[in-house]
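**Q** Based on the hints, put chain R in the right spot on chain H.
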Amino acid sequence: MTSKIKSFNELKSVQKRLKAGRDPKKPGITVCVGTGCLAYGTKKLVENFREELSKRDLADRIDFRTSGCHGFCERGPMVVLSPEKIFYQRVGLADAGEIIDKTLLKGEIIDRLLYVDPATGEKVVHEDDVPFYKKQSRLVFGLNFQVDPESIEDYLAIGGYGALGKALTGMKPEEIIQEIIKANLRGRGGGGFPAGWKWDATRKAQGEPKYIVCNADEGDPGAYMDRSLLEGNPHLVLEGMVIGAYAIGSSQGYIYVRNEYPLAVKNIHIAIRQAREAGLLGENILGSGFSFDVKVNRGGGAFVCGESSALFASLEGRAGEPRAKYIHATDRGLYDKPTNLNNVETWANVPFIIERGADWFAGIGTAGSKGTKIFSLVGKINNTGLVEVPMGTTLREIVFEIGGGIPDGRKFKAIQTGGPSGGCIPEQYLDLPVDFDELTKIGSMMGSGGLIVMDDRNCMVNVAKYFTNFLVNESCGKCVPCREGIRRMRDILADITEGKGREGDVELLEKISTGILDGALCALGNSAPNPVLSTIRYFRDEYAAHIKEKRCPAGVCRDLITYSVDAEKCTGCMVCVKVCPTGAASGERKKVHVIDQAKCTKCGACRESCKFDSIIVR
Amino acid sequence: MVNLTIDNRKIEAEAGQFILDVARENGIVIPTLCSHESIEPTGSCRLCVVEARQGKKTRIVTSCLYPVAKGMIVDTRSERVMNVRRLVLQLLLARCPGSEQLKEMAAEMGVEAEPRFVPDTDNVKCILCRMCVRTCEKVVGVSAIGFSYRGPEKNVCTPFKEESETCIGCGACAYICPTGHIEMETTETGDTRTIWGRTFKMKICKVCGRYFAPEDQLVYISQKTGVPIEDLAVCISCR
Numbered sequence: 015m016t017s018k019i020k021s022f023n024e025l026k027s028v029q030k031r032l033k034a035g036r037d038p039k040k041p042g043i044t045v046c047v048g049t050g051c052l053a054y055g056t057k058k059l060v061e062n063f064r065e066e067l068s069k070r071d072l073a074d075r076i077d078f079r080t081s082g083c084h085g086f087c088e089r090g091p092m093v094v095l096s097p098e099k100i101f102y103q104r105v106g107l108a109d110a111g112e113i114i115d116k117t118l119l120k121g122e123i124i125d126r127l128l129y130v131d132p133a134t135g136e137k138v139v140h141e142d143d144v145p146f147y148k149k150q151s152r153l154v155f156g157l158n159f160q161v162d163p164e165s166i167e168d169y170l171a172i173g174g175y176g177a178l179g180k181a182l183t184g185m186k187p188e189e190i191i192q193e194i195i196k197a198n199l200r201g202r203g204g205g206g207f208p209a210g211w212k213w214d215a216t217r218k219a220q221g222e223p224k225y226i227v228c229n230a231d232e233g234d235p236g237a238y239m240d241r242s243l244l245e246g247n248p249h250l251v252l253e254g255m256v257i258g259a260y261a262i263g264s265s266q267g268y269i270y271v272r273n274e275y276p277l278a279v280k281n282i283h284i285a286i287r288q289a290r291e292a293g294l295l296g297e298n299i300l301g302s303g304f305s306f307d308v309k310v311n312r313g314g315g316a317f318v319c320g321e322s323s324a325l326f327a328s329l330e331g332r333a334g335e336p337r338a339k340y341i342h343a344t345d346r347g348l349y350d351k352p353t354n355l356n357n358v359e360t361w362a363n364v365p366f367i368i369e370r371g372a373d374w375f376a377g378i379g380t381a382g383s384k385g386t387k388i389f390s391l392v393g394k395i396n397n398t399g400l401v402e403v404p405m406g407t408t409l410r411e412i413v414f415e416i417g418g419g420i421p422d423g424r425k426f427k428a429i430q431t432g433g434p435s436g437g438c439i440p441e442q443y444l445d446l447p448v449d450f451d452e453l454t455k456i457g458s459m460m461g462s463g464g465l466i467v468m469d470d471r472n473c474m475v476n477v478a479k480y481f482t483n484f485l486v487n488e489s490c491g492k493c494v495p496c497r498e499g500i501r502r503m504r505d506i507l508a509d510i511t512e513g514k515g516r517e518g519d520v521e522l523l524e525k526i527s528t529g530i531l532d533g534a535l536c537a538l539g540n541s542a543p544n545p546v547l548s549t550i551r552y553f554r555d556e557y558a559a560h561i562k563e564k565r566c567p568a569g570v571c572r573d574l575i576t577y578s579v580d581a582e583k584c585t586g587c588m589v590c591v592k593v594c595p596t597g598a599a600s601g602e603r604k605k606v607h608v609i610d611q612a613k614c615t616k617c618g619a620c621r622e623s624c625k626f627d628s629i630i631v632r
Numbered sequence: 644m645v646n647l648t649i650d651n652r653k654i655e656a657e658a659g660q661f662i663l664d665v666a667r668e669n670g671i672v673i674p675t676l677c678s679h680e681s682i683e684p685t686g687s688c689r690l691c692v693v694e695a696r697q698g699k700k701t702r703i704v705t706s707c708l709y710p711v712a713k714g715m716i717v718d719t720r721s722e723r724v725m726n727v728r729r730l731v732l733q734l735l736l737a738r739c740p741g742s743e744q745l746k747e748m749a750a751e752m753g754v755e756a757e758p759r760f761v762p763d764t765d766n767v768k769c770i771l772c773r774m775c776v777r778t779c780e781k782v783v784g785v786s787a788i789g790f791s792y793r794g795p796e797k798n799v800c801t802p803f804k805e806e807s808e809t810c811i812g813c814g815a816c817a818y819i820c821p822t823g824h825i826e827m828e829t830t831e832t833g834d835t836r837t838i839w840g841r842t843f844k845m846k847i848c849k850v851c852g853r854y855f856a857p858e859d860q861l862v863y864i865s866q867k868t869g870v871p872i873e874d875l876a877v878c879i880s881c882r
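Here the protein sequences come in this chain order: H and R.
Just so you know, we're using the numbering used here here: the first sequence kicks off at 15 and counts up by one.
Just so you know, we're using the numbering used here here: the second sequence kicks off at 644 and counts up by one.
Please note that the accuracy of each hint is not assured.
Stated by the list, open to error - Simulated pairs of lysine-lysine, DSS-like, Cα-Cα distance not exceeding 25 Å: (1) K713/R - K699/R; (2) K69/H - K120/H; (3) K713/R - K218/H; (4) K867/R - K844/R; (5) K18/H - K40/H; (6) K218/H - K309/H; (7) K180/H - K18/H; (8) K605/H - K592/H; (9) K525/H - K700/R; (10) K455/H - K700/R; (11) K699/R - K339/H; (12) K713/R - K339/H; (13) K699/R - K455/H; (14) K339/H - K797/R; (15) K339/H - K700/R; (16) K351/H - K781/R; (17) K713/R - K781/R; (18) K525/H - K746/R; (19) K39/H - K120/H; (20) K339/H - K781/R; (21) K18/H - K120/H.
Stated by the list, open to error - Just a few of them, taken from the derived set where beta-carbon distance is under 8 Å, the chain H residues facing chain R: (22) V28; (23) I526; (24) T528.
Claimed, not checked - Derived, one-sided and incomplete: chain R residues facing chain H with beta-carbon distance under 7 Å: (25) I703; (26) L734; (27) G794.
Worth flagging that the hints you see were computed from the coordinates, not collected in a lab.
Quick caveat, the model's predicted, so the values are computed rather than measured.
The C-beta atom is built at its ideal place from N, Cα and C for all residues, glycine as well.
Here chain H stands alone, though its shape is the one from the complex (with noise of 0.2 Å):
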């Protein structure tokens, strides 16, 4: 435990004295126990190698250290043995005793827990050479690999809370406004509003108290940046946190948290406590008389409340309902004062601004978009997982040479951006640099970060009723057109995709997103249609192959589809008869299969048992 620390030169003394302590040659295991890999069951990959260290009598001479995400999900269990980083992958929960014996004790590498580069079938040994981090740019996500996120010491060993001594003892609060604002960090949760300007105005405005808020409420379906953040990093955020509180004047911070993150909830308790232990939170911080705390409150799981005044209300303990915002929250936010709001990965970019000053930061990115940004790559992709790259980064290197493109040699479609108020960007669009303003000009968005590739097996009318029917539900209710608008608007697409879509659904579709883009309240309703809208859009004709020919191209709309087998492909194999759940396949071995369509419930198990891509859907 860190004592009190009253200064910021005793602060520098803690730092090099851990730092002095981590023996960079030392050898040493990291386990990444991220909820990804604690889902592959990691937990007990983690006591297995506590147990075999201390039977081998291990346990002062390795370094072993849990920690957060590092990103490359898909490949879960993983654990990097340093110095020399050799990156294992899919470790089995049984594996610990062998990769001491073998790795950390005789030098030898385990080629089965090695990573095998898909594109030119070699074995990668060491964690840099692996194209997914290759080409990344991992700032504010790197850290994650170098601290257990429940050890303050880990934090400060590695320079943790400088950025924040540095601002305390050595610059005025506008200061560190102008380095933000010369900066030009904008809002990663999406709005992509400038943070500087944001914090200049709370400062100034009327009234006190002054709040600043941490939103981390992310709730877009496939992203987990902000969590993956908070759960890896917790230090890094609350010190980004208490240096803007201290620029904006504010003696009282707030994290809104989903409650459906526990991890993430229990890291940023045990963080907040460690820093107040350690003088870094609460009265007098580092000596400089500038006090200031932070509470959790734990959302109770509504998209909405990621909206900043239904976030308030819901803090306040009322419903997590917006309010129309013609007054700023930098004027009248949380409880009627001041606030400043920032999303986890905005306020995670703070100290390093502070740190490496607002020319470094601006060196980074693109003319309007500053600092590098963190993405969840998901869906028909081979590389599962959290991508940090420079802002202005294409979405093609993300998608191909990040992501390694898409599985089983498909085709790319299209891909989701900025989660359901984002849109889907077509083929045509991937050499776009993926930043703030680029994508919102083809009518998506960047968002804060949700990336889902989609392949020619993904249909776009379902795809559109799937993010629609998810604001159905998330829509708070309160104003007409998002509570009674993206309902119906649902309900025409649940029919075309049913065959019952009719001449004049599509123009009608556009009607009523037009009404629901003026009219809806908030920012939630404001961009409801964007999914409908870009699948329109970019995707017209499979929206009339469905209206009209009764026909779905992609072959996923079930009351719109056939299987059937090719009979030139089929081998008479027989997988489809033993995988199909209700006997509609059936054949005899060596001889062509068929499909009773009066028995076939379109489930789509014999397509994906068939080895020789006999099964047609039409």
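**A** For chain R alone, kept in the frame of chain H given last:
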């Protein structure tokens, strides 16, 4: 005072006033469903939207909540505005096909039901304008009703849909409800009234002998104002 233009008319208004109020003072009609002079605006029905231009920026705003500003140019009937209003009414007509008030309003505005919207069959006439909830909270001061669920499932009810201990049976919610969704039943003799599933005993006027108010309401008024309950035993007509 600020000068602005509404529908090509030059208008002077006090700074901070809402567009809707200024328009009404000047005889410009903007339709509303969730606005009432006794309660603060909430901006939920979206019928009162107008197009407001400030400098180069034009946006659709809810006039009940948006304050006027110097030089603002307001169009209360632009195409975008009418599109939103038409959609709102069509959506509400589909939600509450049984509401005569909505039908009248739609007819007045020349809006026809959208045939593609299948009308709901649950006989609900509530448009979730929130007037009842706000009245109960802000005017009456008891907060006996509120919302449960969200999105399309959202509805007004007492907590857990049980008989409310805090409800005083005043009926203000039923009175203010624009679509007649909230039902209040009174017996033939007038000795009891039932609302939100709870039956209230009515008080007889000492003078005329008619039932005039729920006993619970009189107790509440007495407690709130300090007027002895005996002094409240006479109905308004006889006072």
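**Q** Sort out which numbered hints this structure fails and list those numbers smallest first.
**A** 5, 17, 21, 22
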